[in-house]
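Novice: This is what each chain is made of:
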Amino acid sequence: MSRAANHAGPATDRFAGQRIPPTLVGLLWISPWLAGFALFMALPIALSLAYSLTDYPLLESPVWIGLDNYRALFSDPLFARVLLNTGLFTLMYVPASTALSILIAVLLNQRVPGLWAFRTAVYIPSLVPVVASAMIWLWLFNADLGLINLALRVLGLEGPNWLGSPAWALPALVIMSLWNIGQPVVVYLAALQDVPRPLLEAASLDGAGPLRRLWHVTLPMISPAILFNVIVTTINTLQVFAIPYIMTEGGPDNSTLMYSHYLYNNAFVYMKMGYASALAWVQFLVVLALTGVLWFASHGLVHYRAA
Amino acid sequence: MPAQRPANPREQPLPGRNAPLARAVILALLAAVALCYAAPLVWMISTSIKPEEQAISRDLRLLPDPPGSTPAHAASNYSAVWTDPSIDFPLYLRNSLLVALLGVTGMTLSTAVVAYGFARIRWRGRSFLFAIVLATMMIPFPVIMAPLYVIFAQLGWIGSLKPLWLPAWFGGAFHGAFNIFLLRQFYMGIPKELDEAARIDGCSHWGIFWRIILPLSRPALAVVALLYFTYLWNDFLGPLIFLNHRDQFTLALGLQLYQSKAGNTPWNLLMAASTMVVAPVLAIFFLTQRTFISGVAAEGLKE
Numbered sequence: 017m018s019r020a021a022n023h024a025g026p027a028t029d030r031f032a033g034q035r036i037p038p039t040l041v042g043l044l045w046i047s048p049w050l051a052g053f054a055l056f057m058a059l060p061i062a063l064s065l066a067y068s069l070t071d072y073p074l075l076e077s078p079v080w081i082g083l084d085n086y087r088a089l090f091s092d093p094l095f096a097r098v099l100l101n102t103g104l105f106t107l108m109y110v111p112a113s114t115a116l117s118i119l120i121a122v123l124l125n126q127r128v129p130g131l132w133a134f135r136t137a138v139y140i141p142s143l144v145p146v147v148a149s150a151m152i153w154l155w156l157f158n159a160d161l162g163l164i165n166l167a168l169r170v171l172g173l174e175g176p177n178w179l180g181s182p183a184w185a186l187p188a189l190v191i192m193s194l195w196n197i198g199q200p201v202v203v204y205l206a207a208l209q210d211v212p213r214p215l216l217e218a219a220s221l222d223g224a225g226p227l228r229r230l231w232h233v234t235l236p237m238i239s240p241a242i243l244f245n246v247i248v249t250t251i252n253t254l255q256v257f258a259i260p261y262i263m264t265e266g267g268p269d270n271s272t273l274m275y276s277h278y279l280y281n282n283a284f285v286y287m288k289m290g291y292a293s294a295l296a297w298v299q300f301l302v303v304l305a306l307t308g309v310l311w312f313a314s315h316g317l318v319h320y321r322a323a
Numbered sequence: 020m021p022a023q024r025p026a027n028p029r030e031q032p033l034p035g036r037n038a039p040l041a042r043a044v045i046l047a048l049l050a051a052v053a054l055c056y057a058a059p060l061v062w063m064i065s066t067s068i069k070p071e072e073q074a075i076s077r078d079l080r081l082l083p084d085p086p087g088s089t090p091a092h093a094a095s096n097y098s099a100v101w102t103d104p105s106i107d108f109p110l111y112l113r114n115s116l117l118v119a120l121l122g123v124t125g126m127t128l129s130t131a132v133v134a135y136g137f138a139r140i141r142w143r144g145r146s147f148l149f150a151i152v153l154a155t156m157m158i159p160f161p162v163i164m165a166p167l168y169v170i171f172a173q174l175g176w177i178g179s180l181k182p183l184w185l186p187a188w189f190g191g192a193f194h195g196a197f198n199i200f201l202l203r204q205f206y207m208g209i210p211k212e213l214d215e216a217a218r219i220d221g222c223s224h225w226g227i228f229w230r231i232i233l234p235l236s237r238p239a240l241a242v243v244a245l246l247y248f249t250y251l252w253n254d255f256l257g258p259l260i261f262l263n264h265r266d267q268f269t270l271a272l273g274l275q276l277y278q279s280k281a282g283n284t285p286w287n288l289l290m291a292a293s294t295m296v297v298a299p300v301l302a303i304f305f306l307t308q309r310t311f312i313s314g315v316a317a318e319g320l321k322e
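Each protein sequence line maps, in turn, to chains A and B. Numbering follows the numbering used here, in which position 245 of the first sequence is assigned residue number 261; successive positions increment by one, without gaps. Numbering follows the numbering used here, in which position 114 of the second sequence is assigned residue number 133; successive positions increment by one, without gaps.
No lab work stands behind these hints, which were simulated from the structure alone. Hints are not guaranteed to be accurate.
Here are the in silico distance ranges between beta carbons for each label pair [claimed, not checked]:
{"#": "1", "chain 1": "B", "residue 1": "64", "chain 2": "A", "residue 2": "269", "range": "18 to 26 Å"}
{"#": "2", "chain 1": "B", "residue 1": "110", "chain 2": "A", "residue 2": "51", "range": "28 to 36 Å"}
{"#": "3", "chain 1": "B", "residue 1": "47", "chain 2": "A", "residue 2": "169", "range": "40 to 48 Å"}
{"#": "4", "chain 1": "B", "residue 1": "51", "chain 2": "A", "residue 2": "51", "range": "49 to 57 Å"}
{"#": "5", "chain 1": "A", "residue 1": "80", "chain 2": "B", "residue 2": "103", "range": "47 to 55 Å"}
{"#": "6", "chain 1": "A", "residue 1": "136", "chain 2": "B", "residue 2": "87", "range": "24 to 32 Å"}
{"#": "7", "chain 1": "B", "residue 1": "61", "chain 2": "A", "residue 2": "309", "range": "54 to 62 Å"}
Just so it is clear, CB atoms sit at the ideal spot from N, CA and C, and this is done for glycine as well.
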């Protein structure tokens, strides 16, 4: 490491012709981030914590009320409702999207003609801006004239009034969200291509068919990628906002009112910044706790290759 | 190497795998999946080129009837959206392009500089601060959005496009951590000997950064620029919170305004507007596919 030690020396000499301590040089280089972090990350986090202990109608000054906002959460029926909705949505979406994206990645990892077209078709929807996706699916889910119910009618089925029914609105949002799985598919595909071939060949020689190879070799080998994607998807799903906000505005009967949407309403519609900040901190702690649970619960299930 | 061997040995079929029947099953499944994923966009375009009475008919057809009338109907729908007095599409497009241009430039330049400080200079506290950079990726945006609004209001930025692009010039502030990480990784793969040679020739850190690191990092910088462009183009929550006047709306907000305006917007026009919002990202994707996919795959390896 003597080389590394040499390293810092002459480099700093040259700064404006005089010796400047390397820490100062380093801090100078990262100063844009330091300023941005202080102003747009650390300060809002501190403010958010402070606001959460106040009554703060946006246009007046905040008044200290201690933990009252947090206490109020427990008696707020809408808080319970948005927790339930967001939990249900996450419970439906995360397993469904994980299974579907692994399945599609495995299919896309086969050697068949036209692979490029298949990969492109699956990936492209994840590039579609969320507002445009919402418009497209509003049209597809239209009870009377939408493509989905028209197609079901061809099969002799009568589709529900998807977004207009409290029972079907949430599943409809899950279905349309499954359209946007390009990113996990790309990650799974990269992981699948790193599965050592000798391992698969050995399993094959031992008489394992394709399904057993998938279950006993491929899935364990890509389990770190699965864990990563499950955590990322869970974190993102718990914060879901734009799709329900645009498609159903939380309705019908609050059946699709999500946590972030309720937080947004409190902050920017009802102007209750204090209460919204308390909601934000609860959300943050829930996300953090769930990530930790997923991380630790996965030990023993996830197989890390020896480096 | 035998001629029939595929270039990438990882893609070689396993012995006894891909028998004709299995291949047919895989192809059929892939075709079904691709159809499901392509159908919504195909239907969007199809609806956008039909006259209204055909767009809302129950006949499943891709082109208007008669098919020869397609260019005429398409032209009339798209120009109706472009010139609609209730939404100023050209203005929203201009705002979106402005935000994307300023934001992408700031994000790319500032994270390139910051990553240099983390990758190429040894100093005390570097690892600790880098850990904080990574930790900021865990902070959900909703946690900071209300105080951010207050801060932007104090800075006098509310009422302008600044909240959407200016923070990007500060190491990305709330969306840049991954980019700093990506560029740092890339810089660390550039041989140190290049720096040392340049230093002997009298180059300062800035000289090394500007003449050696930046030119060699073009692929990684392209990934940062591309991913952030799509992020900005797609962003809905940011504009929704920070823009409070129609004159500043971006395309994402404009499209939602168009849908929710009083009196129902005809589906064919709404789909034409959606197509116009989708088209630029798809064009960029097709022009830069390799860079794009490598960036998305890298995002999955950040663990």
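Novice: Against this structure, judge whether each hint is valid.
Specialist: Here's how the hints hold up against the structure:
no., hint, result
1, B:64 - A:269: 18 to 26 Å, "34 Å, violated"
2, B:110 - A:51: 28 to 36 Å, "32 Å, holds"
3, B:47 - A:169: 40 to 48 Å, "24 Å, violated"
4, B:51 - A:51: 49 to 57 Å, "52 Å, holds"
5, A:80 - B:103: 47 to 55 Å, "49 Å, holds"
6, A:136 - B:87: 24 to 32 Å, "30 Å, holds"
7, B:61 - A:309: 54 to 62 Å, "41 Å, violated"
When each numbered hint is compared with the structure, violations occur for hints 1, 3, 7.
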